[in-house]
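Chemist: As a plain string of letters, each chain reads:
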Amino acid sequence: MKRTTIDLWVGIFVALGAAALVFLSFQVATQNTFSRNSIYTVSARFDDLGGLKVQAPVKSAGVLVGRVTGIRFVNDAFVAEVTLAIDKRYTFPTDSSAKILTSGLLGDQYVGLTPGAEVDNLADGGTIELTQGAIVLEKLIGQFLYGKAAGEGESKPQ
Amino acid sequence: MNAIANLLRSIGARAIDGVWRLGFATRFLLATLSHTPSAFRRLSLTVREVYFSGVLSLTIIVVSGLFVGMVLGLQGYDTLVRFGATEALGVLVALSLVRELGPVVAALLFASRAGSAITAEIGLMKATEQLDAMDMMAIDPVARVVAPRFWGGVLSMPLLAAMFSATGILGGYLVGVVLIGVDSGQFWSQMQNSVDFRADIVNGVIKSAVFGLAVTWIAVFEGYEAPPTAEGVSRATTRTVVTSALVILALDFILTAFMFRGIG
Numbered sequence: 109m110k111r112t113t114i115d116l117w118v119g120i121f122v123a124l125g126a127a128a129l130v131f132l133s134f135q136v137a138t139q140n141t142f143s144r145n146s147i148y149t150v151s152a153r154f155d156d157l158g159g160l161k162v163q164a165p166v167k168s169a170g171v172l173v174g175r176v177t178g179i180r181f182v183n184d185a186f187v188a189e190v191t192l193a194i195d196k197r198y199t200f201p202t203d204s205s206a207k208i209l210t211s212g213l214l215g216d217q218y219v220g221l222t223p224g225a226e227v228d229n230l231a232d233g234g235t236i237e238l239t240q241g242a243i244v245l246e247k248l249i250g251q252f253l254y255g256k257a258a259g260e261g262e263s264k265p266q
Numbered sequence: 002m003n004a005i006a007n008l009l010r011s012i013g014a015r016a017i018d019g020v021w022r023l024g025f026a027t028r029f030l031l032a033t034l035s036h037t038p039s040a041f042r043r044l045s046l047t048v049r050e051v052y053f054s055g056v057l058s059l060t061i062i063v064v065s066g067l068f069v070g071m072v073l074g075l076q077g078y079d080t081l082v083r084f085g086a087t088e089a090l091g092v093l094v095a096l097s098l099v100r101e102l103g104p105v106v107a108a109l110l111f112a113s114r115a116g117s118a119i120t121a122e123i124g125l126m127k128a129t130e131q132l133d134a135m136d137m138m139a140i141d142p143v144a145r146v147v148a149p150r151f152w153g154g155v156l157s158m159p160l161l162a163a164m165f166s167a168t169g170i171l172g173g174y175l176v177g178v179v180l181i182g183v184d185s186g187q188f189w190s191q192m193q194n195s196v197d198f199r200a201d202i203v204n205g206v207i208k209s210a211v212f213g214l215a216v217t218w219i220a221v222f223e224g225y226e227a228p229p230t231a232e233g234v235s236r237a238t239t240r241t242v243v244t245s246a247l248v249i250l251a252l253d254f255i256l257t258a259f260m261f262r263g264i265g
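Listed in order, the protein sequences are those of chains C and H.
Going by the working numbering, the first residue of the first sequence is number 109, and it counts up by one from there.
Going by the working numbering, the first residue of the second sequence is number 2, and it counts up by one from there.
Certain hints may be false.
Residues of chain C clear of chain H, computed beta-carbon distances all greater than 10 angstroms [said to hold, decoys possible]: (1) Trp-117; (2) Ala-126; (3) Asn-145; (4) Gln-163; (5) Ser-168; (6) Thr-199; (7) Asp-228.
Residues from chain C that face chain H, not an exhaustive set, calculated with beta carbons under 7 angstroms [as the list claims (entries may be wrong)]: (8) Ile-114; (9) Val-118; (10) Ala-128; (11) Leu-129; (12) Ala-137; (13) Leu-172; (14) Tyr-218; (15) Thr-222.
Away from chain H, derived, C-beta distances all over 12 angstroms, residues of chain C [claimed, not checked]: (16) Ala-127; (17) Val-136; (18) Asp-156; (19) Ala-185; (20) Pro-223; (21) Ala-257.
Since the hints were derived computationally from the structure, they do not count as laboratory data.
Nothing here was measured: the structure is a model prediction, and the numbers come from that model.
The C-beta atom is built at its ideal place from N, Cα and C for all residues, glycine as well.
Taking the hints into account, I'd like the entire structure generated from these sequences.
Modeler: Shown next as structure tokens:
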């Protein structure tokens, strides 16, 4: 086979391979990892994380604004501290609140940010004071059952 | 007593032989790697090998990728529909292809299509004393024959695996969306939400590069080490395919254990 034919076919082969890689990178996966210099990090303390994982999305009004970059247990206060990396394009007032929510009934857990009303915005290294931990299904059922039992206990004597 | 000694002796001989081959294969790999500059200085030789290893494997890779993706679409739909989660079909197809099936199946096909051809070619060159003739003319056969084949295979493999995954996902789309009628928007958007560039795509490419290195290493070594007889070459070709398959699966387990252990 002639040299030019081989070159042509190898060129087509490499182009197809590159096209497949581009397809995988942009159509199948999304570039949702934020680059290091376009984010700022804030921390928030929660009494219960539920099933929150590192890399979980941070959403505000349903839009992805950042990701969870770290989770650690604070032994002094017995709470969990979560580090959030938020895209620099989005700013939030200092009295914003963070909640751990679940997407759908059985979906993954994510952090929802609700903006506050302060004039100042959260800076890099700041802390979100108002937090609400995950609602654990077992706790809810437990509360419901105990509430029911207590209610019945009170109503009997009458 | 004598029988036991003989048994032990044969076990010992096999162990020594195995270790000797591994050591020889490693030195052979180092020798090949040391001739890397000559493989790229005379680029036309390597390009030729990319043609024989890569371009000629295109058909089998693309067709199998398409069918594997279509089967994944059918089977995945059949399972997911029981849980009312058919919109996750895209995630299932994409993750299984990009993480596992793409690199592994493409490498297995590559070993049987290209690896066996490399072994047979080098083995036959040795059997017909072409390698010795080169040596006589002061041409290093490792630089002239082995290094271009090695690099041709190593460069082709990740591209082939990427094509396998891409056509597989298109096959899954064809069956899931076009044939069965899963919602097209959900198919793609759920896939994009779950597939991570760094964790899934890049790790898949790393896997396929490692497999490509292992398969071509085994292929050139078996060919170079083949006894210079018809039977020796045929045995070496068989051994290339069998050893490659085992090594791919073992390496896949090790790489997966390191890559996808999950955090937290």
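Chemist: Against each hint, give a clear statement of whether it holds in the structure.
Modeler: How the hints compare with the structure:
1. Trp-117: The claim breaks: Trp-117 (chain C) does not keep its Cβ more than 10 angstroms from every Cβ of chain H (closest is about 5 angstroms).
2. Ala-126: The assertion about Ala-126 (chain C) is violated, with a minimum of 8 angstroms to chain H.
3. Asn-145: Holds: least Cβ distance 17 angstroms, greater than 10 angstroms.
4. Gln-163: For Gln-163 (chain C), whose nearest Cβ neighbour in chain H is about 7 angstroms away, the distance does not exceed 10 angstroms, so it is violated.
5. Ser-168: 17 angstroms, holds
6. Thr-199: 25 angstroms, holds
7. Asp-228: It holds; Asp-228 (chain C) is separated from chain H by about 32 angstroms at its closest Cβ, greater than 10 angstroms.
8. Ile-114: 5 angstroms, holds
9. Val-118: 5 angstroms, holds
10. Ala-128: The hint holds - Ala-128 (chain C) has a Cβ within 7 angstroms of chain H, the shortest such distance being about 4 angstroms.
11. Leu-129: Nearest chain H Cβ about 5 angstroms off; hint holds.
12. Ala-137: Result: holds, 4 angstroms to nearest chain H Cβ.
13. Leu-172: At 9 angstroms from the nearest chain H Cβ, Leu-172 (chain C) fails the 7 angstroms test, so the hint is violated.
14. Tyr-218: 11 angstroms, violated
15. Thr-222: Check failed: Cβ of Thr-222 (chain C) comes no nearer than 22 angstroms to chain H, outside 7 angstroms.
16. Ala-127: At about 8 angstroms from chain H, Ala-127 (chain C) fails to clear the 12 angstroms cut-off, so the statement is violated.
17. Val-136: 5 angstroms, violated
18. Asp-156: 15 angstroms, holds
19. Ala-185: 20 angstroms, holds
20. Pro-223: Pro-223 (chain C) clear of chain H: closest Cβ-Cβ about 24 angstroms, beyond 12 angstroms.
21. Ala-257: 34 angstroms, holds
Against the hints set out earlier in the document, violations occur for numbers 1, 2, 4, 13, 14, 15, 16, 17.
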